[in-house]
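Make the full structure from the sequences, and use the hints.
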Amino acid sequence: MYELTEAFRIALAQIGAHKMRSALTALGVIIGITAVTLMGAAIHGMDVSFERSLDLLGNDVLYVNKWPWTNMVDWWNFVNRPPILPENAARLNKIIAATPHSLLEVSVPVCVYGVSVKTGTHQASGVFLDGTTYAYARLLTADVVEGRFFTPEESDGGRQVGVIGADVADTLFPGQPAVGQSMMLGGQPYRVVGVLSRQGPFLGRFSYDNQIFVTIASARKYFGTPRNGGTEVRVKVRDPARMDDAVDELIGAMRRVRGQLPGERDNFTINQQQAFKSQLDPVKRVIALVGLFITGLALSVGAIGIMNITFVSVKERTREIGTRKALGARRRTILLQFLIEAVSICVAGGLAGVAVTFGLSLFIAKSLPNLPVDLSFTLIAISMLVSVVTGVLAGFAPALGASRLDPVDALRYE
Amino acid sequence: MNPPPEASPPPAALPRPRPIRPPGPLVIAIDDVAKLYVMGEETIHALRSVSLRIHRNEYLAIMGPSGSGKSTLMNMLGCLDTPTSGRYEFNGRNVAAMDDDELAAIRNREIGFVFQTFNLLPRSNALRNVELPLIYAGLPPEERRERARQALADVGLGNRLDHKPAELSGGQRQRVAIARALVNRPSILLADEPTGNLDSQTGVEIMALFEELYERGNTLIVVTHEEDVARHARRIVRLRDGLIASDEPA
Ligand SMILES: Nc1ncnc2c1ncn2[C@@H]1O[C@H](COP(=O)(O)OP(=O)(O)OP(=O)(O)O)[C@@H](O)[C@H]1O
Ligand SMILES: [Mg+2]
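Those protein sequence lines, which keep their order, are chains A and B.
If you read the first sequence in our numbering, its first letter stands for residue 1, the second for the next number, and so on.
If you read the second sequence in our numbering, its first letter stands for residue 1001, the second for the next number, and so on.
Calculated from the structure, these hints are not laboratory results.
From the three backbone atoms N, C-alpha and C, an ideal C-beta is built for every residue, glycine too.
If we take Cβ atoms under 8 Å as the criterion, some of the chain B residues that face chain A in the derived model are:
| no. | residue |
| --- | --- |
| 1 | R1107 |
| 2 | N1108 |
| 3 | R1123 |
| 4 | P1133 |
| 5 | I1135 |
This is the structure in structure tokens:
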């Protein structure tokens, strides 16, 4: 017990007496731990950011599309499907209403366009335009911070009104209230009736910030009805915890809407935002591979350095080892002493590596807010564990050698 | 150089009567012990056949010319080294049958070793150096410190606790080493040429300290090749070529 505290004392004194040497030796570990924590922080950051984007887009929404989002390999299976029509949504709502204890709440048709929008003085291009109905308000995860979403009357009457995202509002109407103003979409004047709260940037499909919602009837009138995937039906489910059952119900309902015969394959696909998560996997894998490669390389170099320095330390202190043995130090006391010395250098290097990563992640967060980096406590714990294991592996051979020294030989060593 | 006679009498004179304490129980018993070193073709008989009995309360000097095997014998008695053949019993226990940890425990609790070259830890102060055997004995810090302080006071260094070895004179360093050897109250104190690295006056002081330790109840074995030093002991064993040439009272 007291031998252990003594071993730590000796280790600290030893590192203190050879600061430069210890720092240089720890360099490999510092680089290795920096690489592994940076990698972990990047991967974790992507996950966190993706979860956030899911929350923003709504984790309780199913998308009925002609195409699956993720799997485009066998496109020939999908290309001949009849298009999803906005009218499908209305039929679906009737079926939902007629189903007791339906797991589905409401469905809305959405026609998606990419457009430019302008006022007399300002212009924004590459904006997502969604034509939809008033019911979309129930799917919206952003708040309407100014004004309101469009009403059933506006929706059914195809009135030229729109709700805009925060970025669109900033671009078109900088420093002034947007509600009540007019904007030009495809040469047609639209009145802004609402502005959405800012969601911020994230990984994922898109955010509402760069989005305009208009009534679907007016959108179809001026921009046409997109046939090949541009029209979809979004369905809100009542309980995200029962997503699988909801998907089953929706498939059954959609088959009725589309008049499909039993045994026929579905001519539509139910997509979920969750599916995008797996699209990040290859990216994460590459980051992990590169990170692990650098980490492994740096840690092996670091471990060899520490092994070497521990051998040197044992050599330099051979007489001291002899003296300690003569005074009653057991083998494992000596073993522990040098092991703890090696581990201490590693852990110091590991802490330095974590500090470097922490600094870098602060810097990245400041300069590149879109690149998510998140240094978690688990990550710090893992890197400490890695440091300790590296130290034990590197220090074991020299420490064992020291513990097995013959006291007389050690005392006689010049 | 030579102090006035009334301050410190010359050691050769030994003016005051030297008490001889009655021998206590047997501590060391070696029988027909040999130590060989094989160096390539050549075999060196550091010890050929040595048998010896040492009791508690003895003050023994081991003498002999250089290379006669004094240090080899001493390391063996101190359980730092094991004989090639022969028996060694320490306090009735067979040392040859002991494993490494048991030997370490004997060295820690039963034997105090003093070296010619002091072998103090250079970066630790006197107190820490003396504490070392107590750490390996598993004593708590406060008790360690107290006993180390007392041991240093006993060798006249109560006012040098914080000094590093480099900040002490040779004689003071050897006193720290003696305090360290005695701090765990061993059965026996072994000293291999304790005055070999000291000037003669300091050597005299160390031998006076040994005399004092003996009179206070310690059992001592001192290796030396100086007759002046050996004369302090109560019994002198002379080695020659790895054999005991003589064994008689001083
Ligand atoms: N590790 C060793 N390897 C080979 N030979 C050794 C070893 N240790 C001691 N010897 C030899 O054993 C013999 C006895 O050595 P030892 O050190 O016991 O002598 P000593 O009486 O202490 O001499 P000194 O008075 O010079 O210290 C010497 O001939 C020495 O060369
Ligand atoms: Mg010798």
